[in-house]
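> Starting from the structure of chain G, add chain Y where the hints point.
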Amino acid sequence: MKTTYFITFTDLLTQARELGNHHSKYINNIEQNFDELLSLLDKDNLSNQVHLLQLAPNPLREMQLIASCAADSAHQRRLLASYYALQFLLLDLKALNMLQLRLNTTANRYEVYQQFLMQTGNDFRRLTAAYMNVLLDIFLPKDLRPEFVICGVGTRVDQDDIDLGIIDAGKTERPILTAAFGKLNTEMLKNASTLHFHLSEHVGTEGYSASIADYHQLLDHSIGDCVILSEMLNAVPILGNLDLFQQFKAEILERYYYHKNGENKYHEGLLRGLLGEIRDLLYFVPSETTLNPKRDALRMIKALLFTLKTWKHIEGTTSLEVLNAIRKGNRLRREQFDQLYQALTFFESFRFLYQLFVVQEEEIVLTANEVSDNLQKIAIVMGYTDRNFVPAYKQLLVHYHDHRQLACQATAAIMEQVSHHLSQTATLALFMNRSVLEKQGNLAVKFIREARFFQGVRYWDDIMSRLANPNQILIRRFITDFSTLSPLKQQILFKTYVQWGFSSPYALITLFTLMAHNQREIKNTLFFQNFLQYFIENFPPNLETINRLYQMLNFAPKVINDFLSLLPSPLLTQLLQILEQPKVLIENERGRNTFIFLSRLYLHSSYYFRHFLQRASSTYADYLLSLDNQPKLSQMAAGLYRNLDNFESLPEKLHRLGDYYDFEFMRAGLSLIGGAAFEKVNRDFTYFSDNYLRMLFELCREEISQTLSDTEFQAWDNFAILVAGGHARRQAFDDDYDLVILLDSDEPDLLRLGERLAQKINRHILRRSIMPHYRFAERFGRYVTTFRDLTTFFEHSSPDAFIEQSLLIGARLIVGNSPFLTRFQQVIIQPYIFERNNAFCRALITEIAMRRTYYHKLAVFNIKECPGGLRDFENCLFALLAFRKWSEPISATLIARLKQVMPSISSEIEQLWQNYQWLKHIRDLYRLLVATDDQFHIDHLGEILGPLNKSRQTEFGSPLELEKAINQTTAQNVKLINAILQMLDWSI
Amino acid sequence: MAFRYEIRLSGAGGQGLILVGKVLAEAAAIYDGLNATQSQSYGPEARGGASRSEVIISDTDIDYPKAENIDILLALTQEACDKYGSDVKPDGIIVIDSQTVTNPPAGNFTVVSLPILQSAVERLGKFVVANIIALGVIHKLSNIVSEEAIKSAIRSRVPKGTEEINLKAFQTGVDLATEWLKNHPDHAT
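Residue numbers (numbering that gives the first Met the number 0), protein chains in the order written: chain G, 0 to 987; chain Y, 0 to 188.
Bound conformation, chain G alone (with noise of 0.2 Å):
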């Protein structure tokens, strides 16, 4: 007899006490039962046929040998009991013994991992089948055995429980089954590991066995649940009727597999089933303060030799046996199966010794007190060691999201292969073709007819990817047939549909999504509203469907994105109150506040600030996970603007400088919105919007000078461009650009090339939604303003010049050199302005007692144009600036300068400033939130009471306050331009 392992019974008590407390149940069996065994052995003359103390190689004849010499039936059970405890203790102290010899002896710690496993897996396996077949001896004697087989199901690695499936030959016998299952079953959980019968828990009706007709009744009309199958597909028989596992096996498991030129609807199924499984746990965001190995990688991982087992049909009974089998015949995919293999020994390994050390929980807690000690005693065993300070479980827990991440990169990888042949055999694909082909039925009816059978399996991209191919003619064939439905038949389909999609939520709203692109009008339509609010209105509120759509987030940022962005307010609030809810735990708690941040913001954003939401966040939807991230959002925009020079083709930097402005615009908003600095989203807005504005004139002019000779070319130095408004004042938020091209020069060739930039330019700013202006275009017909055209202007003054001039006092210089500004403000702005100020300035004066003797004929309230409103302040500052012959854009600078030379009135200036400013935040946070209108509806103020009060530290309750707040300072900026005003011997 071969030797194997011996070890004194003394050491072998006191090393199974350094195991987990689990194993005290083996402990004290061996403490009360060894001497009895030992002594009925000796009495037998069998001591030298059963090992005790060593590894027994054939450990069913030993039982058998021991039932042997044993009283009755408890006597049998008590003696096996006390033996399989021995063996068992044996077995997992060799197992470690030769994990740490190889370790040290090994340099691909992977390959020792392997060998661990298997060799453990090998041997507890066969002392369990070995314990099982002598029980079920005493408890359902040969000769009375009906027609089974028991099947070792799962994994077949770990020791916590042993999952098994056992087919029977019908109903008739099943009772003498199910009295012996149950003793057997009773029998293992006091002393070996707990038996699950999820087969039979799934598959018929009661009993713990199912025969091969209740697998057909269950099996036979839908393809039912992705994981149950992969269990039944692991079968391998342990002992029984081989026959009806043959039988079962060609008559239910071959038909998952894939069939060239067969039938592959089962194994279609399968593959949608698990495809779906492994893309929820490739983008499930793990816990920060837990380790899951089966949840973090092994689910996953296993899933996928799944899709790959049934489809090259690969013979294996373990996951790295299936594993292996690939790597050795996959050269083109080697690295990602050797990441593979490393995650999968790795997480396999850990998952093993931590239940075999600790406990036998699959959730590891990292606050727990004793667990760094506890990760530390793997981390040993795994062959870590601390060095440089680095503790050896510090380094464990490194790589065990190391090991993940590597998981996850093969298995995106390798999914993208699976999802490829599903596409080329899906027989739901090639029916859909069929019937576009065929053109008759109804596409939206027969397509969920034929779904059906594939009900609760979750990936449906291939079929998305169909519909929304670039040619449409599926997508269009799908609106049509369901839109001409009669209203009766749309709201049956719709709650098949809706129905369809609460298991797969992510094929229902890309479906969405994609009627949506495909017609824009769509969404305005009845059918359309309908079919949505069925959706949301019977959304069901538990953790698995909002888990789904939070995950959703991370794979289909864009999808939610396009999603949401089509949701009416209404149906916004209800799907917020769903997620909103507190009784639904959720695991991710990030997924879910992002998902409710931009939910939230579509629903109380105004339409001016969802145009650049929407388009921002579709075209740079991985961003969408870092929406309430504005230090990761700034450095993202300062990565796509460095990158706009890295891009080939002027229409390609053309455009992708359109997005980084949507992108800017969008953070700068969402900045304002969670209640930034308001000086400090103006600052990093003019920054963007300058930046924008200068690129896009260079790139411009670059498009146009590819046309031109090199002495046009120097042609440019004699353009600029000067921004007005608040874009010259460097605020945010407004609505339009108003612009101002300058042509020093009459040549009728040049102000053809500046027509063209200009035309140009303004189609690029329309893309963004914003309207260019152009004061002075409407007075000579073009969008160049020559400085001919100024001087004749201005000699041949009309009485509302005065526009003109305060536009071009307080403008800003964009594109343009020095000497140009120079010139302009020697040839315009001094003889025009300046010389001129006493005028112009009672003309500003005129225009705001003008406006404040007609607003108060107004029944509205209009922040801009009211007594001691924008306007009011804006011109105020133009007045002194010519006062002053000062020309710049208003700015604290500016501001600065006015009370240092301005003494007499230097606080009322500085309060007028400050109000100013609080004006102007209110009127950002209007237009973000409510409306791009300066006529507020005070009733909507409560929309932006949150971020004026987190940003300016105030406690405004109600709109009513806020109200009477703006109110009193109109009315003090009144008193105070009156009296800035007077001062100045200038009276309204």
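Just so you know, nobody snuck in bad clues.
Cross-link-like lysine-lysine pairs, in silico, DSS-like; alpha carbons within 30 Å at most:
#  : chain 1 : residue 1 : chain 2 : residue 2
1  : G       : Lys-293   : G       : Lys-376
2  : Y       : Lys-82    : G       : Lys-293
3  : G       : Lys-248   : G       : Lys-259
4  : Y       : Lys-150   : Y       : Lys-167
5  : Y       : Lys-181   : Y       : Lys-88
6  : G       : Lys-293   : Y       : Lys-65
7  : Y       : Lys-125   : G       : Lys-393
8  : G       : Lys-264   : G       : Lys-494
9  : G       : Lys-679   : G       : Lys-898
10 : G       : Lys-259   : G       : Lys-327
11 : G       : Lys-311   : G       : Lys-327
12 : G       : Lys-494   : Y       : Lys-82
13 : G       : Lys-963   : G       : Lys-974
14 : G       : Lys-141   : Y       : Lys-65
15 : Y       : Lys-88    : G       : Lys-170
16 : G       : Lys-93    : G       : Lys-42
17 : Y       : Lys-159   : G       : Lys-393
18 : Y       : Lys-65    : G       : Lys-170
19 : G       : Lys-488   : G       : Lys-264
20 : G       : Lys-170   : G       : Lys-141
21 : Y       : Lys-167   : G       : Lys-376
22 : Y       : Lys-65    : G       : Lys-248
23 : G       : Lys-376   : Y       : Lys-159
24 : Y       : Lys-150   : G       : Lys-376
25 : G       : Lys-898   : G       : Lys-884
26 : G       : Lys-93    : Y       : Lys-159
27 : Y       : Lys-88    : Y       : Lys-65
28 : G       : Lys-652   : G       : Lys-631
29 : G       : Lys-679   : G       : Lys-631
30 : Y       : Lys-125   : G       : Lys-376
31 : G       : Lys-293   : Y       : Lys-150
32 : G       : Lys-259   : G       : Lys-311
33 : Y       : Lys-82    : Y       : Lys-125
34 : Y       : Lys-125   : G       : Lys-293
35 : Y       : Lys-159   : G       : Lys-293
36 : G       : Lys-974   : G       : Lys-863
Restraint-style ranges between C-beta atoms, simulated for each label pair:
#  : chain 1 : residue 1 : chain 2 : residue 2 : range
37 : G       : Lys-557   : Y       : Asp-185   : 54 to 62 Å
38 : G       : Glu-253   : Y       : Glu-121   : 53 to 61 Å
39 : G       : Ala-964   : Y       : Gln-98    : 37 to 45 Å
40 : Y       : Asp-58    : G       : Glu-320   : 38 to 46 Å
Calculated directly from the structure, the hints in this document are not laboratory data. Here the structure is a predicted model, which means the values were calculated and not measured. Think of the CB as a built atom: it goes at the ideal place given N, C-alpha and C, for glycine as much as any other residue.
Chain Y in isolation, oriented as in the chain G frame:
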């Protein structure tokens, strides 16, 4: 007369309900000499954070492994309560956490609402022992397995070094249930 007692423990993944199931089954089978089966959530049920563990305890052979007439249901989340409440047999008991289950089901059963999660944090400073507090509650209300058996099973199932805190948690659960029984004398076991 032979009895069959069905216990379902439900909540979210990570709440340690599988461990509680194992402790109960081993307490009954190993230490009290009863028959027991234990099963746990599987397949799609185990995904998305849901968790379920079932224990059937009997003084005779257990010939049917599925729990369908639940004697006592523990629900630590609203979702679990909504999902499994209807499986409780007439005159059965539903134990809910008063913090997370705010909408208890109505029916011909007794609802015992107790601050299980809150007690774990406030009385023992450890959220992770809430499962063992729940075990104490279940034990006291069901009275199907002896206290010593459960304590032995706890010692042999929890990680080394955590035996004391877990036994304290168990006692906390027993105390919570005792207090409840005192206030509801009709339901004394």
